[in-house]
Every structure is written in structure tokens, then in C-alpha cells.
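Please build the complex by placing chain B on the supplied structure of chain A, with the hints as guidance.
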Amino acid sequence: MTGDDVLPVTHIRPGSRAASFTVDDVWQARELLYFLVWRDIKVRYKHTVLGIAWSILQPLLTMVVFTLFFGRLAKMPSDGVPYPLFSLAALVPWTYFSSAVSNGSASLLGNQHLIAKVYFPRVLVPLAAVLMPAVDLMMSFAMLLLLMALYHVAPTPMMLLLPLYLLVAVLIAFAVALWTSALTIRYRDVRYVLPFVIQIWMFVTPVAYPASLVPERWRLVYALNPMAMVVEGVRSALLGTVSPGAMIPVALVVTLSALLAGTAYFRSVETSIVDLA
Amino acid sequence: MPDIALRICGLGKQYTIGARQERYDTLRDRIAAAAARPFRRLAPGGLDASATLWALRDVTHDIRRGEVVGIVGGNGAGKSTLLKILSRITTPTEGEVEIHGRVGSLLEVGTGFHADLTGRENIYLNGAILGMRKAEIERKFDDIVRFAEIEDFIDTPVKRYSTGMYVRLGFAVAAHLEPEILIVDEVLAVGDIHFQRKCLGKLDDVARSGRTVLFVSHNMAAILRLCTSAMLLQHGRLVRVGDVRSTVAAYLGGQGRGGFVASARTGDAQILAADLEDAIGAPFEHPSCGDPIMCRIRYTLPHRSPGVRVGIGVLSCDGTPIFTTNTADAGVRCPSDAGDFEACVTIPPDTLLAGDFHIAVCLWNPGAILDLQEPALSFSVDAGRSPLYVEDATRKGYVHVGCEWSVIPVSSTVGVLS
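Which chain is which? The protein sequence lines are A and B, in order.
Each residue of the first sequence is one higher than the one before, starting from 1 at the first, in our numbering.
Each residue of the second sequence is one higher than the one before, starting from 1 at the first, in our numbering.
Treat the hints loosely; a few may be bogus.
From the derived model, a few chain B residues whose C-beta atoms are all more than 12 Å from chain A [what the hints assert, rightly or not]: (1) Ala279; (2) Gly355; (3) Gly384.
Quick partial rundown of chain B residues pointing at chain A, CB under 8 Å, derived from the structure [said to hold, decoys possible]: (4) Arg88; (5) Met294; (6) Arg298.
Hints in this document: simulated from the structure, not taken from any laboratory.
This one's a predicted model, so the numbers in the text were calculated from it and none came from an experiment.
By construction, the Cβ of each residue, glycine as well, lies at the ideal position given by its N, Cα and C atoms.
Bound conformation, chain A alone (with noise of 0.2 Å):
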């Protein structure tokens, strides 16, 4: 280890730039990343008694409430799918999203400590507190297509895209996590924020409703909300419903932007981090 061969050579400058991490510092450390998701899922499941049913009862209770009150009650229209796949379809890529989002932004607090004490590219603590959620969504997902079974639907060719739309997922939660949880190191009213916005957003996601609802001179600035094409595609690819169409490419520039944005803010905060917690 200690050959005559050419060592790296490491700069340490003042400055916010001169620490931040590269795309080619998380891929060296994708181990580490690794090993990150393995920790939080380990432990997650080590003191429940119900460990991975829970992924799925949460998504399912939901579903159950949603088809009582809005399916049963209200009569709100489902673009032709029974009312219980429909909202299921909505909530499975949902609760990933809301799980990733709260758990991305407690991330940098809940793992202070370890910032202290040692460097690797902080960036990983937020994306592994957003990929571990990853892993509940497989679950509800199987869960989903044995209701499809139950209900005789088939999956149209249209889930060739699924992949597309559970990437976006992944991704503007990222964005959102970049931001949330480098601002709450520097201000803890954001963890009260945050579960009240996650709420209000689901409102404006078409979960419990079609988008087909919300009347055409409002859809272009409801596409902004790329979560909207997420459900929406999810369940046009599963059920058979209209597919997103125009929402794609502006929900995917409004990812990319959010994206840009988190990582550029993200790295201008990195180094104070550790002074600050």
C-alpha cells in the first residue's frame, strides 16, 4: 500500500467549493451507499413485529379509506377502473414518495454524529434516506398487480414506461430531500413544515381523483407538480387509463430544474453542515 506508485494528492482550500463532491466522489463511494440503505433497512425492520407487511399495510389501509369515503361516499369518477385499483395505483408510487420525501429531509439531523466524525460525500446521506423507501415500494407494487389479478385487469404494453415514471419519483424526491434536509441542520421549523406541505401536496396529486377532474386551461400549470404525471402514468400503464401525454417532457424539465437547483444548493451548503448541527 505504501509503493512507490503515484499517490492521489488531495487540495483542502477555504471556501464552500473546495470540499464539495463530484459525480465521480458518490460513485466511488456507491459502497458506502450501499451500506447505508442496508443499515436503515436493517434496523427498520429489527423491532417490528408485523417488519415487511408494513410497507404494504399503509398503502392498503389507504386504499381501503379512500374507496369508502371518496370511491363509496362521494362518487368521484375513476376514469372507468374500479375505484379500489385506481386509488391503489395512485397510492403505491405516493407513500414512496412521502416516505422518501420525510425521511430524505431527517436524514443530515439523524445522522449528525456520524458527519462529525468522519468524511465521505455528504450527498449520500440524503440519497440513501431516499433510495431505502425503494425497497417498501417493490412490495406495495406486487401487492398491486395481485389486485390487478384479483380484479382481472392486465397490465397494458404502455408498462414499458413504468420504470420512467418510478425514476421521476426517486428523482424530485431527491430534489426535494437535497433541499429539506440540508435547510433542516439550519432550521429545525422544517421538520413542523414538512409533513403539513407533503399533505397539501397530495392534494394537488391526483391520488384520490382523476386529473381528468381539473379542467384543461388549469392542466398545464398542474403539470408543473411532476408528481401529477408520476400517478398518472403509473396507473396508464397498469389500468389502461389516458396516458400523461403533454405532462411528461414538462414534469421531466420541472425535475431536472429541481434537481440542478438541490445539488447546486446542496454543495453551497455542504461544508457548513458540520459547523452548524
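For chain B alone, coordinates are given in the frame of chain A:
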């Protein structure tokens, strides 16, 4: 410059402290501050009155490859800040560091351990956090477990580990890191004596394999034993650098104090105060060789602590331990209940010869060191009217040991030369 491992140039780190700190914990504070800003200029004291503190300033030093550098200094001297900057945990305010090679830092034993995970799981997690590859951890796994001596508990959650086991495992993982530059902060302050010796041995190996080590410790004996050079920091500045022995002596000399008082209660088992007294209980600044020297140590135990011991080590002016003595040696059992206690030890007259000494005070139980103050006290002994100096005014050595002598006439018939 293949020989340089670290080039530290004009390094400084400034912290903002005090009430005027520009740090907003809540949005409300920030909004309030923004609203107040236009009026601030009018206020006496002005804008820049916020108190700042240079935790580190103007530190310049090159460290060659293979050097083992001890960093010494009192509390708040900037040792930890320096290590944090070198480990890239925090950024400097000014200056620059050029690092040749990979850095592994061990600022704490068991960083990132999760109490609910087993020993096996934590080895992987901790290894990855410290910068090891998965394949590397797998290769070294058995060595780590053997080094930590936890073979039977490898699949037990670490929350069931004793403090000793936890520390052993933490050090074992870190000890198997193989970076070109290893940064170690005061990790030897914990753990039992047997394991400390093992850790020092491991650090010795690391140093001998040509890697560069930066080592912060309050344990001067460890610094003297391990390091090839030393840096002395004082109030954030590098005041001395060079040979270990003279740097440690300069540090201990600068620490000179007749009494020790802890700055605050930490809530843990802790040494509260230590001072020297003469035979009638008056504070003692300049004892003479012929006086009994009484050392009074006050300590606190927040919890019931069976088997707790108090000891002192008498060190020479350059930090070399001369002898140690403790309650267990003397057959004294310390009360194990929670509370504040006072231990008193008397160094008999005509034991310490004229010279400068330091006393380290330690509070421990067989599992771990609870508190170590090194040096707690520093003092000079003069020859006084001790009978030891009547015959030999320039007596050599640090201590006098009363030995038995006998001289008998030997007849030439039993001579050894025959």
C-alpha cells in the same frame, strides 16, 4: 517531493461564538434579524462586534512520509480542529493543505456503529464508513474479529456488548484500515490496559510499515513511545515542532500548576480536583525532598461503580513515567456508591529527589478508564534539608529507593579470582 505526506500552509479556522452569532435556528430568528438589519448600523457596537474565535491560526508545517507525529496541547489548543480539517470534516477559513495519499481518520472509536446491529453487521458498516471496500472488509474480517477478541459475540447486537468489547471492536475495524496517512484522536483514553497495550502495538506496526501517522493524545507516555516528532499547539498556534522529548517537556512545563480543578461537571465519572498538601494540610507549592507530599484527589461517581480505583502516576519533567501507585495496590477499596469522594495519597519523605515532576491522576475500573488528567499537577522538589543531600549534594536520578546494604570482609582464601 515524493517524501512529503502532508504540506500544511498557513492553516486557520475561525469560529463565530457568543450571542451575536450569525446563526439562525428558526425562521423566526432570521426574519427578526432581517427586520432589525436596517437599524443595526445605528446600534453601538456596530456590525462586526460578533465575537469570533480563531481555533487555529497560521499553522505551517510539512510532514514527511513515514513520520509519526504526536500533536500535544492543552484543552482548546486546536488539536481537534486541526485533525478535523485534515480529515476533511470541516473546511479551513484560510490556508491550504496538500495531502499525498489516502487519509484514514479515527476521531472516535466505533463511529457509525448502530446499537441494534450485530457485531458482524457493524464491521461491514463501520468499515465502509471509514472508507474500506466491501472486498477488503471481507478479506480482513477474520483478522478484525480475532483482534477484537469477540469471536463468540459476533452475531450479538452491539448494544449487549460491554464498553470494553465495543471499544475493542471499534478499534479493530479502524486498525485494519490501510491508508497512507492515518489520523488518530485520543482513542486510547478508553479501554482496559491490556487492550490499550494492544492498540499501541498495532499503531507501532502501522508506523513501522512506513505509513504516516498523526496522533493526538493526552497520554504523554504513549506519545513518547510512538512518535518520531511532535507538534505543540497553544491557543490555536503552532508554538513548537520537532523532537518528541523536548516538545513534550515544553508542553508539560507550560502546563505547570500547583492544583487542578475540572472546568465543569460533565455528568460522567470525573476527577473534580487535585492538589498537593504538606503534612499539616496547607497547600504545597515547593515541597522539599524531606517532606511527605500529600496529594488530595476529589472525584465524583454519578452511578454506582463497583471496583472503581484511583491512582496517580509520577512523571519526570519530560513526561516519562517514574512510578504509579493506586488504591488497589494499597488494598484500599473505594466506595462504589454514587457521590463525591476524596482520595488521599502520601508520597513518603525522601522519595522524590530534587527536580521537576508532574502528577497524572487516573480514575478507572478494570473495564475502562473513566477519567485521566495528565498532567494534573506540576511541581518542583528542592533538596531542602534532606539527609539524602548531606553526603551527595548532586545526587542523580528521580527517586530515592531505600535499599538494604551489607558489607562484610572477605578472606583471600574464598576470593573469586582463584
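Hints, verified against the model:
| no. | hint | result |
| --- | --- | --- |
| 1 | Ala279 | holds, 48 Å |
| 2 | Gly355 | holds, 41 Å |
| 3 | Gly384 | holds, 50 Å |
| 4 | Arg88 | holds, 4 Å |
| 5 | Met294 | violated, 41 Å |
| 6 | Arg298 | violated, 32 Å |
Taken one by one, the earlier hints fail for this structure at numbers 5 and 6, listed in ascending order.
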